Amino acid sequence: MGASPPPRHEATRVRRLLGAAAFPALFTGLVLGMAELPEFGDPASPASTHVSPRFIEDAAAETGAANMVTAVLADYRGYDTLGETAVIFAAGLGCLVILAAAGGRPNLPAAGMSHPFGSVILDTATRILVPVVLLFAVYVLIHGHISPGGGFQGGVLFGSGLIMMRLVWGPAHEGGARQSDVPAFGPSLRSSLILACAGILGYAGIGLAAMAFGGEFLNYGTLPLGSDPAHVRELATLGIEAAVFLTVAGTVGVLFDTISIGMREDGVPIGSGRGPRE
Amino acid sequence: MAEGHLISIGLLAAMVVSAACALAVKDLLTAAALFGAFSFLTATWFALLGAVDVAFTEACVGGALTTILFVSTAFRTGRSFD
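As given, the protein sequences belong to chains G and Y, one line each in that order.
Numbering follows numbering that gives the first Met the number 0, in which position 19 of the first sequence is assigned residue number 18; successive positions increment by one, without gaps.
Numbering follows numbering that gives the first Met the number 0, in which position 19 of the second sequence is assigned residue number 18; successive positions increment by one, without gaps.
Simulated from the structure, these hints should not be mistaken for laboratory data.
Being a predicted model, the structure only gives us computed values, none of them experimental.
All C-beta atoms, glycine included, are put in the ideal place defined by N, C-alpha and C.
Hints are supplied without guarantee of correctness; some may be wrong.
To be verified - The calculated label-pair distances, taken between Cβ atoms and stated as ranges, are:
no.	chain 1	residue 1	chain 2	residue 2	range
1	Y	Val16	G	Val13	39 to 45 Å
2	Y	Thr29	G	Phe26	34 to 40 Å
3	Y	Ala50	G	Leu29	42 to 48 Å
4	Y	Ala13	G	Thr11	38 to 44 Å
5	Y	Leu5	G	Pro52	28 to 34 Å
Claimed, not checked - Output of the computed footprint for chain Y on chain G, the stretches with three or more beta carbons under 8 Å from beta carbons of chain Y:
no.	stretch
6	152-164
7	246-259
Just chain G, with the same shape it has in the complex (with noise of 0.2 Å):
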């Protein structure tokens, strides 16, 4: 707001003054709208007595996985998981072509920040960490059966320990503002966007698989991986859940390194065209 209010016009007047009577109105109709739904947490409500007990007594037997989340996630509702993956690996893609293309070289081994927070102490923790971090993020893949956790989680995990360290230690290639004598490591972008391009292709490559052996598409039934079809259910989304997890670790890595990349001295994006910052 400035010292002197900006003229009104009539056509201004009429929006706002629709627009003050349009919320009340609308907030109550939601807040009484509201009142309807089931209570929360109602062992009445028709989600309690139709289709929590069907998962519940089921999901176990039907697809052998004691986590009934992932049963959920990776096998009733594969396709929907399908969806999010893509949305994840959309959203790596975004951020590719809007910051990368600012003035970023793909081709970058293994980038790190250009400024690296190496400390003594950063640098320690983060050797002590990043193995522990890794090995868990693999741990919880594989027990996401049984236990909460699973591909994403475990994606999640893997690639942030990686752009930890990169983020502590800096950028592996010459030139670079590096403290530390531990070259940063990883995937460079070009591998992190094969590892998501992988991780999406293979999760719809196991729906495809099972539509030709005769079943529906992310039906894993009918897939020839042996007889009992709770164990068959089980490998598939075993090979789901790793296949959510090089999605999501891929697309990790790639938000970082097009944060990261292609960064001179002076922060500003190496071919942007921009001058040094004030």
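Take the given structure of chain G and dock chain Y to it, following the hints.
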């Protein structure tokens, strides 16, 4: 039951405080750390409600990944040490 309520109220109050502080502070690095704290409190509350998988996801994504991305972005924008 009353004890559970107290923990919930405490967690929610701490969430509101950390979110407000993350908006109020000038230093972007501090804001990123406060946002990580907010995510961690959210994850704890989810776990209290029994949604362990959601809590795990929130702890991974909010507590670790977005904090790292925020920190690297704060560095890139060069406004972290004003």
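Quick check: does the Cβ-Cβ distance between Val16 of chain Y and Val13 of chain G fall within 39 to 45 Å?
Holds, since Val16 of chain Y and Val13 of chain G (Cβ atoms, about 41 Å apart) stay within the stated range.
So the hint says 42 to 48 Å: do the beta-carbon atoms of Ala50 of chain Y and Leu29 of chain G match that?
Violated, at about 24 Å.
Can you let me know if the beta-carbon spacing of Thr29 of chain Y and Phe26 of chain G is within 34 to 40 Å?
Holds, at about 35 Å.
Residue count check for the stretch 152-164 of chain G against chain Y: does it reach three with CB-CB under 8 Å?
Per the Cβ count (7), the hint holds.
Confirm or reject the claim that Ala13 of chain Y and Thr11 of chain G have a C-beta distance inside 38 to 44 Å.
Given range 38 to 44 Å: holds, Cβ gap about 42 Å.
Taking the CB of Leu5 of chain Y and the CB of Pro52 of chain G, does the distance hold inside 28 to 34 Å?
Cβ of Leu5 of chain Y to Cβ of Pro52 of chain G: about 33 Å, so the range 28 to 34 Å holds.
Are there three or more residues in the stretch 246-259 of chain G whose C-beta lies within less than 8 Å of some C-beta in chain Y?
holds (count 5)
Hint 3 from the list above is the single one not met by this structure.
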